[in-house]
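Once you've looked at the hints, dock chain B against the given chain A.
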Amino acid sequence: MIKQDLNAFKNLFSGYTELRLQENRELLLTFVNGNNVLNKKSVTAGVSSRVYKNGSWGFSSNPVISKASIKDVIKDANDNACFLDSKINKNKKPFNNKIIVCNNDFSAKPNRVSQNEINEYIKEIDNYVAKKYPSLVKRSITLSCSDIEKNLITSAGSICYSMTPNTLLVIHLTTIKDGKPVELFEYWGGLGQFEDVLHNPEQHYSDIDNIYNELMQKAEGEYAEAGLNTCILDSRLAGVLAHEAVGHTTEADFVMSGSVAGQMMSKQAASPLITLVDFANTAFGETCTVPIYADDEGTPAEDVVIIENGILKNYMHNKESAQYFDVHPKGNARASQFSDEPLIRMRNTAILPGKSKLEDMIESVEDGYYLTRRVNGQADSTGEFMFGVNMGYHIKNGKIGKAIKDLTISGMAFELLKTVDMVSDELTWNSTPCGKKQMISVSMGGPAIRCKVNLGGR
Amino acid sequence: MKDKDLMQYCLDALNKAGAEKGQCRLAKTEKYEINIDSGEFSLIRSTSSSSLGLTAIKDKRKGSITINKIDNKSISDAVIDVINIANSSQPDDNFDISPYQESKVFHIGDNKPDKDKMFSFLNEFKDQCSEKFPYICLNQVVFSFNYTEIYFANSNGTLFNETKGYYEFSSRFNSKKDKKTTSFNLINYFVKELKDSIISNAGIATQLKQSQEHLNAQPFRGKFSGDLLITPQCLDYFIQTLVRIGFSEQSVFSGSSIYINQLNKLVASSLLTIHSDPLSDNIAKGYAITPDGYEAKNTTLIQNGILKSYLVSQYGSNKTGIKRSSSAGGAYIIDSGNKELLEMIKGIKKGLLIGRFSGGNPTGSGDFSGIAKNSFYIEDGKIQYPVSETMISGNLISIFKQIKAISKERINSGTSILPWILSDGITISGK
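Line by line, the protein sequences give chains A and B. First residue of the first sequence: 24, per this note's numbering; consecutive thereafter. First residue of the second sequence: 575, per this note's numbering; consecutive thereafter.
In short, the hints are calculated from the structure, not lab data. Check each hint, because a few of them may be wrong.
The following residues of chain B were derived to be distant from chain A, with all beta-carbon distances above 12 Å [as the list claims (entries may be wrong)]:
1. D579
2. I724
3. G904
4. D954
Cut-off 20 Å, straight-line C-alpha distance, at most; resulting in silico cross-link-like pairs (SDA-like, lysine to any residue) [unchecked claim]:
5. K116/A / L617/B
6. K797/B / V476/A
7. K98/A / L617/B
8. K691/B / S774/B
9. K161/A / Y889/B
10. K26/A / S648/B
11. K63/A / S638/B
12. K290/A / D752/B
13. K98/A / S623/B
14. K63/A / Y889/B
15. K1005/B / V476/A
16. K839/B / I880/B
17. K475/A / K797/B
18. K1005/B / M435/A
19. K475/A / P793/B
20. K871/B / D855/B
21. K63/A / N661/B
22. K754/B / M435/A
23. K691/B / N112/A
24. K576/B / I724/B
25. K90/A / K647/B
26. K110/A / F695/B
Stretch-level coverage of chain A by chain B, calculated; a stretch enters the list once three of its residues show a Cβ under 8 Å from a Cβ in chain B [to be verified]:
27. 96 to 109
28. 151 to 164
29. 268 to 282
30. 403 to 416
All C-beta atoms, glycine included, are put in the ideal place defined by N, C-alpha and C.
Chain A on its own, in the form it takes in the complex:
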């Protein structure tokens, strides 16, 4: 249904036009304390079109995919663009388009596992946790499998098909300490369908044991000291710095709305130890979790080097912002569902590894914190960012000490990055949904870094 030849509709295009068929398929399975509270599939498919008239966009979508509905959405998108153009008449120039023809299918092999086998896999993990750790007040295991299939044609000549699956397993453990719940979670997964990502329930057991042990340490943990502290951010959470602290402020739409990064182009924005890249599809020879070969405007995807050796080099663009800044776009315009228009979004954003060893970095801290796991985060136009930390330890005289309770860390992104004086030689990727009008998958990565950061302790 999605993979079909759309060339026949090109004669209906007038002016710059995109036509996209898309299907999002999702499986959600949740066990809470052994109860299968959620067992649900969803399929959302449809057609959309977007038309550009002199600086005004029109968009339309329909869940029915047929010749008639495709004609209707092209016409409605054109009507919407004309209506807006008639009201505001921006009189902007047409785009200078780069085009691409591509086909990127990451589907699993033909012999797919059954729904029953998937449920048994999750039940086996649940049984392991239930038997080994009966004192937990809550154990929650969630499996989320999503397939996103897109077929795009543009009036400029791009024709792009992609099928991008993602599988995520989340285990959430809760204990009670002094009458209050204490929680910790871990997740596994990445690019691929279930059978390509999760192979054997036993592969998770040692990690589950680690989460349980860390949870017990946190239950006995203390509050961190509020204020500015020297911290080692583990590679598991440093990626969020790349995404939240810097990435969002360098999205061109944020820049055009007054983001602090607007005044920093070609200036020192970070320590010379910092190089930050938004990878399109391949990093260090491996396919990224969110591989984008062409974006939803039909632009060929390229890596964007945002910061190079501390100097701010590039923003991330769609066609319109690239025209405004007189550069060429590199494939950052992405849409979540068929009914969504493309927005400037990150893809796989990472701080590149350095040369230090994590052990040396910890030993170098006289009094500070080692922060190891994180939850949600948020950026701001000022460059001030925050993210929640749900696991960490006090460091005293170079030695890891007591665990600390959950807290939030914050700082001014570019000031914080200037305090970075050690960068480890490792790199950890993780993926997460990111919300900006639409929820979309992104991945983020980084090494461990030593920096000064503000802790929201007590």
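Relative to chain A, chain B alone:
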């Protein structure tokens, strides 16, 4: 096939495929949306969407599927899928569907957008921002009309029909003057019909004015324990978090709720009364049918500090023995207090007026820490200056236990009606 007939068609198909109990829900939505990006009109978007949810219970096993196609082939495939999902699930005696209820039709709001009026309202808002608040940058504004028709039916004979139309305005904005940039702030409100200008709704003019004042924000120096005056916009986030960790089904039936075994006991300040009123005339984006298939009713969660109801569905109720709540949450209304906002500020010795909280998701214990965004330092009964780079930490449960005053004034966002709340014992720390 008419949508109403489609419900019976789906129930029959589920029955034929072996479901002992079946439930279906069809929602069709038309959306018309005008966007402003980086201060300029950018996009008009019109979308049609449909969502058909099928649930089957067979041998005490349950499966659910949602598709967005309603042709016979898609429904047949979905029925096979949902039976397979049910067959693969864990059996549970507590799975059920709602009992027979008399058929009802519910209707709220307009059924078609006034497109020209929407454009002129938004254009007027843009012009008023430029004239009255020249340093405001409208990063992203979305003004939409949404019309949804819902059918709900189950094999016990319940059939509900709900139609609702509402306008939604949302904006992310900040201020910029020369090289100074402020934090962004958010506006989000819903109305059933277009009557008053955008800027006169939901405290918007105050938020825009305060954003400009933040061009002169100063980092707060030092650390103290003091009062926190929470705006309605910020309170909305705290209430939703309180519901997640204290009232939600998962927290209640797993036993991790901070309010477990506290029904009819004092859990908050006696000044606090919280309702979940999806049927209130004053709530533009309410609902008439709950996800578990009951006619929704207004519900009081906390009455004068006493816990009156959790938010558990039929399944949660069967599982725990706790009474099912008649509301499915949302549409939160907090009763007005007896003090005017200015009077509340005058009573603060040292504290913070918080406009937006940006922090890590509070834990199940209610502990939280994060940045006080769009906030002002208060000392000796006066707002002193806007602050930047200021963090707060405390415990959410304690905030609602230690309420010192609730304002007479409230803000109606169309999904909630909330006052300003003054509490104490918050750690406020700066550089």
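Comparing the hints with the structure gives:
Listed as a non-interface residue, D579/B keeps its Cβ farther than 12 Å from every Cβ of chain A; the least gap is roughly 19 Å. Non-interface call for I724/B relative to chain A: holds, since the shortest CB-CB distance, roughly 16 Å, exceeds 12 Å. Taking the minimum C-beta to C-beta distance to chain A, about 19 Å, the non-interface status of G904/B holds against the 12 Å cut. For D954/B, the non-interface assignment is confirmed: its Cβ lies about 24 Å from the closest Cβ of chain A, beyond the 12 Å cut-off.
With a C-alpha separation of about 16 Å, the suggested pairing of K116/A with L617/B holds against the 20 Å cut-off. Restraint check for K797/B and V476/A: the C-alpha separation of about 16 Å stays at or below 20 Å, so the hint holds. With a C-alpha separation of about 15 Å, the suggested pairing of K98/A with L617/B holds against the 20 Å cut-off. Taking the CA atoms of K691/B and S774/B, the gap is about 16 Å. The hint holds against a cut of 20 Å.
With a C-alpha separation of about 18 Å, the suggested pairing of K161/A with Y889/B holds against the 20 Å cut-off. For the hint linking K26/A to S648/B, the alpha-carbon distance of about 18 Å falls within 20 Å, and the restraint holds. Proximity of K63/A to S638/B is assessed by CA-CA distance (about 5 Å); at most 20 Å being required, the pair is judged to hold. Taking the CA atoms of K290/A and D752/B, the gap is about 18 Å. The hint holds against a cut of 20 Å.
With a C-alpha separation of about 17 Å, the suggested pairing of K98/A with S623/B holds against the 20 Å cut-off. Taking the CA atoms of K63/A and Y889/B, the gap is about 16 Å. The hint holds against a cut of 20 Å. Annotation: proposed proximity of K1005/B to V476/A holds, straight-line Cα distance about 11 Å (limit 20 Å). Between K839/B and I880/B the alpha-carbon distance is near 5 Å, which keeps this suggested pair within the 20 Å criterion.
About 18 Å separates the Cα atoms of K475/A and K797/B, which keeps this hinted pair within 20 Å; it holds. Annotation: proposed proximity of K1005/B to M435/A holds, straight-line Cα distance about 12 Å (limit 20 Å). Between K475/A and P793/B the CA atoms are separated by roughly 17 Å; this keeps the pair inside 20 Å, and the hint holds. Between K871/B and D855/B the alpha-carbon distance is near 13 Å, which keeps this suggested pair within the 20 Å criterion.
Between K63/A and N661/B, the direct Cα distance comes to roughly 12 Å. Compliance with the 20 Å bound is thereby established for this hinted pair. For the hint linking K754/B to M435/A, the alpha-carbon distance of about 14 Å falls within 20 Å, and the restraint holds. The hinted pair formed by K691/B and N112/A meets the criterion: a straight-line CA distance of about 19 Å does not exceed 20 Å. At roughly 13 Å between alpha-carbon atoms, K576/B and I724/B fall within 20 Å of each other, so this suggested pair holds.
Note on K90/A and K647/B: the hinted pairing holds, with a Cα-Cα distance of about 18 Å set against a maximum of 20 Å. Pair hint K110/A plus F695/B holds up; C-alpha atoms about 13 Å apart against a cutoff of 20 Å. Coverage of a stretch by a chain is defined here by at least three residues with a beta carbon nearer than 8 Å to that chain's beta carbons; for the segment 96 to 109 of chain A and chain B the count is 5, and the condition holds. Given as covered by chain B, the segment 151 to 164 of chain A passes the check, having 3 residues with a CB less than 8 Å from a CB of that chain where 3 are the minimum.
Beta-carbon proximity to chain B at under 8 Å applies to 6 residues in the segment 268 to 282 of chain A; the threshold of 3 is reached and the given coverage holds. Counting residues of the segment 403 to 416 of chain A whose CB lies closer than 8 Å to any CB of chain B gives 9, so the stated coverage by that chain holds, three being the minimum.
Checked against the numbered hints above, the structure breaks none of them.
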